[in-house]
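Peer 1: Just so you know, the protein sequences line up as chains A and B, in that order.
Letter by letter, the first sequence follows residues 687 to 947 in my numbering.
Letter by letter, the second sequence follows residues 10 to 143 in my numbering.
Rather than coming from a laboratory, the hints here were simulated on the basis of the structure.
Remember, it's a predicted structure, so these values are computed and weren't measured experimentally.
All C-beta atoms in this analysis are idealised placements derived from N, C-alpha and C, irrespective of residue type, glycine included.
One thing to keep in mind: the hints can contain errors.
[Said to hold, decoys possible] Computed footprint of chain A on chain B; a stretch qualifies when at least three of its residues, placed anywhere within it, have a C-beta under 8 Å from a C-beta of chain A:
1) 25 to 38
2) 90 to 104
3) 114 to 124
4) 131 to 142
[Claimed, not checked] To give an idea of the chain B side of the interface with chain A (calculated C-beta under 7 Å), a few residues:
5) A42
6) G69
7) L71
8) A127
9) L128
[To be verified] Pulled from the structure, derived: some chain A residues nowhere near chain B, Cβ distances all over 12 Å:
10) E710
11) R729
12) A743
13) D758
14) G763
15) A813
16) A885
17) G906
18) A911
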Amino acid sequence: MTGATATWTAYETTSAALGALAAEGATGALSGERGIVYLSAGRVVHAESAFTPDLGALLTRSGAVAPDGWWDAVDRGGAQHRVGHRLVDSGRLAAGALEVCHLGALFDAAYFVLAHDTRAHRFRPGAAHWLGAVRSVPVDAVVRESGRRRALLDRIWPDSAVDTAPLARVPGAGGADLPVRRVRTLTQVDGVRTAAQIASALACRTYHTLVELRRLAAAGLVAPAPAPAPPRTRAPDPGGGGWQDPDTALLRRLRDALEAL
Amino acid sequence: MPGIDESLLEAMRLPGARGASLVDWISGLALGAVGEAPGGDWEATAAETAELARHVAESGSLSAGGAQAAAEPGKAPEVEDLIATTADAYHLLRFVSTPFDSTVFLHLWLGRHDGNLALARIRLAGMAERLVLG
């Protein structure tokens, strides 16, 4: 397959480049603006994003694996790309638990890589992740799932500012009788942290945190924190207005009106 | 120690088993599936059953006393399983408790004619435990 992997550059989006690499049966790491997708023989074997906790964070911060045990597996298995196997072989983690956590991290990171589906930056042929083979997923399944996840978020509450902005609790709003996961998420909303930071603090997958945060936004409990006051030196807008952030109260009224139809 | 596929294949050895899957009840993703899909499409089945499971998992009435579990990541909801019966089938959904953040359940589809619901419920509980504890 000499030179075959050069064709990925012809594609405008990361998802299309992944599709081309999958068709070639390529092995390597494709970097996009928000993360990296690792392929082996054309299938997705891992993904990483700065927006999502990695496998080590999910396992150690939850207490599922002691940090010493995790780093021991990385030290002993990293060079051979067998960290996952080391965790299981040394009895620190059950095989099924590794697979469930790994797929959770893979789809979580892939969501963020593909949510911002711009042109891929670079492909490193032959690059493998130090975690090693755990489970692999077809590229089209990952792309389809990411699209489905995006649609699910928009059905819950169609304001994507919740996903990236610092978040604040809405003053005076209640919060009693919420499900356990939503309460845990709500307690981390402090006017400063973003969804990714909240996910990291909770050792939770970021997409799953976004789901809770959008439900909290839909319930009127959480909103993007007010932006700091604009500098006074800014020239007045000659157009008299211009584009503004979507107003969540307006969105809420719109939703209520649509539901009442 | 069983992985996801081994656990699902073990579930398929139960009398009357037609299909088995492991599904994330927040995202609606099927992490694995073997056998026949109810309705013919595992992705659609997973998305639908996930929505059902989420409502039950988040139900304050059904998981009475669930507030105790508030602080632990990945702890399964207080509800253990859901059972739906139709004229010709049983659907058994078993929540899986993990020591890290996950929101998954096992879904077993049994033919009603030769399936044994009581046996399947006991065995699926054991499989859910071995999947994450080895």
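Peer 1: Evaluate each hint against the coordinates.
Peer 2: Cross-check of the supplied hints:
Beta-carbon proximity to chain A at under 8 Å applies to 6 residues in the segment 25 to 38 of chain B; the threshold of 3 is reached and the given coverage holds. Counting residues of the segment 90 to 104 of chain B whose beta-carbon sits less than 8 Å from any beta-carbon of chain A gives 0, not enough to reach three: the coverage restraint is violated. Look at the segment 114 to 124 of chain B against chain A: 0 of its residues bring a Cβ nearer than 8 Å to a Cβ of that chain, fewer than three, so the hint is violated. Taking a C-beta to C-beta cut-off of 8 Å, the segment 131 to 142 of chain B contributes 4 residues in contact with chain A, enough for the three needed, and the coverage statement holds.
Contact between B/A42 and chain A, as hinted, is not supported at the beta carbon level, the nearest pair being about 11 Å apart and thus beyond 7 Å. Contact between B/G69 and chain A, as hinted, is supported at the beta carbon level, the nearest pair being about 6 Å apart and thus within 7 Å. Given hint, B/L71 at the interface with chain A, is violated; its Cβ is 11 Å from that chain's nearest Cβ, farther than 7 Å. Because the beta carbon of B/A127 sits about 24 Å from the nearest beta carbon in chain A, more than 7 Å, this interface hint is broken.
At its closest, the beta carbon of B/L128 sits 22 Å from a beta carbon of chain A; the interface hint therefore is violated under the 7 Å criterion. With a minimum CB-CB distance of about 25 Å to chain B, A/E710 clears the 12 Å threshold, and the non-interface call stands. Listed as outside the interface, A/R729 is consistent with that label: its C-beta sits roughly 14 Å from the nearest C-beta of chain B, beyond the 12 Å cut-off. Separation of A/A743 from chain B is inadequate, the least Cβ-Cβ distance of about 10 Å not exceeding the 12 Å criterion.
With 12 Å as the threshold on Cβ separation, the claim that A/D758 sits away from chain B holds: the shortest Cβ distance comes to roughly 18 Å. At roughly 17 Å from the closest C-beta of chain B, the C-beta of A/G763 stays outside 12 Å, upholding its exclusion from the interface. Once the 12 Å rule is applied to beta carbons, A/A813 is consistent with being away from chain B; the minimum gap is 25 Å. The beta carbon of A/A885 sits about 9 Å from the closest Cβ of chain B, which is not more than 12 Å, so the claim that it is off the interface is violated.
Even its closest Cβ contact with chain B, about 18 Å, leaves A/G906 beyond 12 Å, as expected for a residue assigned away from the interface. Taking the minimum C-beta to C-beta distance to chain B, about 25 Å, the non-interface status of A/A911 holds against the 12 Å cut.
Checked against the numbered hints given earlier, the structure breaks hints 2, 3, 5, 7, 8, 9, 12, 16 and satisfies all the rest.
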